[in-house]
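Taken in sequence, the protein lines are chains A and B. In terms of the working numbering, the first sequence opens at residue 1 and continues consecutively. In terms of the working numbering, the second sequence opens at residue 1 and continues consecutively.
Don't read these hints as lab results, they were simulated from the structure. Watch out, some of these pointers could steer you wrong.
Said to hold, decoys possible - 20 Å max Cα-Cα, derived DMTMM-like pairs, lysine to aspartate or glutamate:
#1 B/K44 x A/D39
#2 A/K103 x A/E9
#3 A/K103 x B/E53
#4 B/K41 x A/E14
#5 A/K103 x B/D30
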Amino acid sequence: GQSLEQPSEVTAVEGAIVQINCTYQTSGFYGLSWYQQHDGGAPTFLSYNALDGLEETGRFSSFLSRSDSYGYLLLQELQMKDSASYFCAVRDEGRDDKIIFGKGTRLHILP
Amino acid sequence: DTAVSQTPKYLVTQMGNDKSIKCEQNLGHDTMYWYKQDSKKFLKIMFSYNNKELIINETVPNRFSPKSPDKAHLNLHINSLELGDSAVYFCASSQDQGQGYTDTQYFGPGTRLTVL
């Protein structure tokens with residue numbers, strides 16, 4: 001069946017760099033998305049990778065390797081406001097374009 | 001201007017009641033969704049509507065029924081509420097594939113449903 005795996009929690013220090021990994025298993029694949037969700041808030045879109053490589057948007061970058069069914073979200077110059085949950089998501093082309101979210105990675109940032 | 005809005009934000013009700021959650025998007029998107037996020041933060045799609053047609057119907061109980069009067073609105077009606085229905089329900093919308101497609105989902109603020 002289809003699934004996404006990402007770590008449940010990651011802890012990093014303010015100002016540092018952190019990488020959140022995501023591996024996926026789908027019967028078809030369009031691309032990998034990342035969303036951020038603060039406590040009590042709604043998920044907000046961060047990035048989308050359809051092709052292999054690194055996409056950079058400010059302090060956040062996202063990487064995809066289609067051959068490895070793997071991607072990651074890289075957060076640089078961490079700020080306390082980056083404390084949130086981060087979800088990877090795919091649209092499974094082989095399953096009626098069903099959208100699947102990972103279980104989320106809770107990022108804790110220490111001062 | 002709010003892109004995706006939901007009402008109510010909080011909903012507390014007794015078991016067995018029937019309730020509705022409303023969603024509206026002013027982005028001109030073709031597809032709208034309902035998601036359920038449980039206490040463990042697991043986000044799971046329930047329904048998807050494209051141009052008023054149901055295109056995904058996850059294995060949710062038939063007590064849940066989506067209604068789309070037009071492509072800007074997707075309401076969720078829940079019959080005979082159960083304790084396990086307590087969760088945060090998010091509405092979302094997205095644009096169909098096209099040039100520059102990024103598969104971005106725009107989420108509403110969520111409705112926290114508590115069933116007593």
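- Query: Taking each numbered hint in turn, which are not upheld by the structure, reported in ascending numerical order?
  - Reply: 3, 4 and 5
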